[in-house]
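Whole structure, please, built from the sequences with the hints as guidance.
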Amino acid sequence: AQSVAQPEDQVNVAEGNPLTVKCTYSVSGNPYLFWYVQYPNRGLQFLLKYITGDNLVKGSYGFEAEFNKSQTSFHLKKPSALVSDSALYFCAVRDFSYGNNRLAFGKGNQVVVIP
Amino acid sequence: DTEVTQTPKHLVMGMTNKKSLKCEQHMGHRAMYWYKQKAKKPPELMFVYSYEKLSINESVPSRFSPECPNSSLLNLHLHALQPEDSALYLCASSQDTGLAGGETQYFGPGTRLLVL
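Heads up: the protein sequence lines correspond to chains A and B, in order. Counting from 1, position 43 in the first sequence corresponds to residue 43 in our numbering; the numbering is continuous, with no gaps. Counting from 1, position 48 in the second sequence corresponds to residue 1048 in our numbering; the numbering is continuous, with no gaps.
Hints were generated in silico from the structure; no laboratory data involved. No incorrect hints appear here.
With a Cα cut of at most 35 Å, we get these calculated DSBU-like pairs of lysine-lysine:
id: 1; chain 1: B; residue 1: Lys1022; chain 2: A; residue 2: Lys107
id: 2; chain 1: A; residue 1: Lys49; chain 2: B; residue 2: Lys1036
id: 3; chain 1: B; residue 1: Lys1040; chain 2: A; residue 2: Lys22
id: 4; chain 1: A; residue 1: Lys77; chain 2: B; residue 2: Lys1041
id: 5; chain 1: B; residue 1: Lys1009; chain 2: A; residue 2: Lys107
id: 6; chain 1: A; residue 1: Lys49; chain 2: A; residue 2: Lys107
id: 7; chain 1: B; residue 1: Lys1053; chain 2: B; residue 2: Lys1018
id: 8; chain 1: B; residue 1: Lys1041; chain 2: A; residue 2: Lys58
id: 9; chain 1: A; residue 1: Lys69; chain 2: B; residue 2: Lys1041
id: 10; chain 1: B; residue 1: Lys1036; chain 2: B; residue 2: Lys1053
id: 11; chain 1: B; residue 1: Lys1009; chain 2: A; residue 2: Lys49
What follows is a list of derived Cβ distance ranges for each label pair:
id: 12; chain 1: B; residue 1: Arg1063; chain 2: A; residue 2: Tyr39; range: 24 to 32 Å
id: 13; chain 1: B; residue 1: Lys1018; chain 2: A; residue 2: Asp54; range: 49 to 57 Å
id: 14; chain 1: A; residue 1: Tyr39; chain 2: B; residue 2: Asp1096; range: 22 to 30 Å
Listing some non-contacts, in silico: residues in chain B with all C-beta distances to chain A over 10 Å:
id: 15; residue: Met1015
id: 16; residue: Thr1016
id: 17; residue: Lys1019
id: 18; residue: Lys1022
id: 19; residue: Glu1024
id: 20; residue: Gly1028
id: 21; residue: Ser1065
id: 22; residue: Ser1071
id: 23; residue: Ser1072
id: 24; residue: Val1115
The beta-carbon is built from N, C-alpha and C at its ideal position, and this holds for glycine as well.
What follows is the structure, encoded as structure tokens:
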């Protein structure tokens, strides 16, 4: 089965500093990778995805992610974090197991941006 | 417009009640999903509808009953729930569930359910 791992439980970063949220994947075949953000008491909001093409993917709210095939990683990045970026971030991979089309989510990373 | 709407936002129900959650999208998407999410955990897939037909049931207890009246609407009927069913219930939609793989799922804001 396809899967993603988010190794850290929480990421703390000072406002204005670069933000990185890590994600590694395990797939057979080509990976279809997604990042979502969830603000408190809200649904998941789509940030960006990698399907094919350029390894650097740009998304919403100034976020970008770099696909690295050799390291099987898809880390989410933002050059300068804002307090409003404090949220729960989920990496996901399309799971074609059992012939169905599901998203396999990582456990999530809580991001805390310190003013 | 990538909006999925859900009603109600909050729901409190007893274990003997019958209630329904509603989800609507007007993006022309042909796949719709129900997820259950516990606090600080990733969403867990419950049901998938593709072209108004149930295509995935993740062994969900029968006290949860989905319904897709048309391509824009998705309901989740609740009956005789247990306190452990308390969670955030998320609806999502995507263009299709086709094996192209690149379709994005767009989520609604969720219904926070409390079962007493």
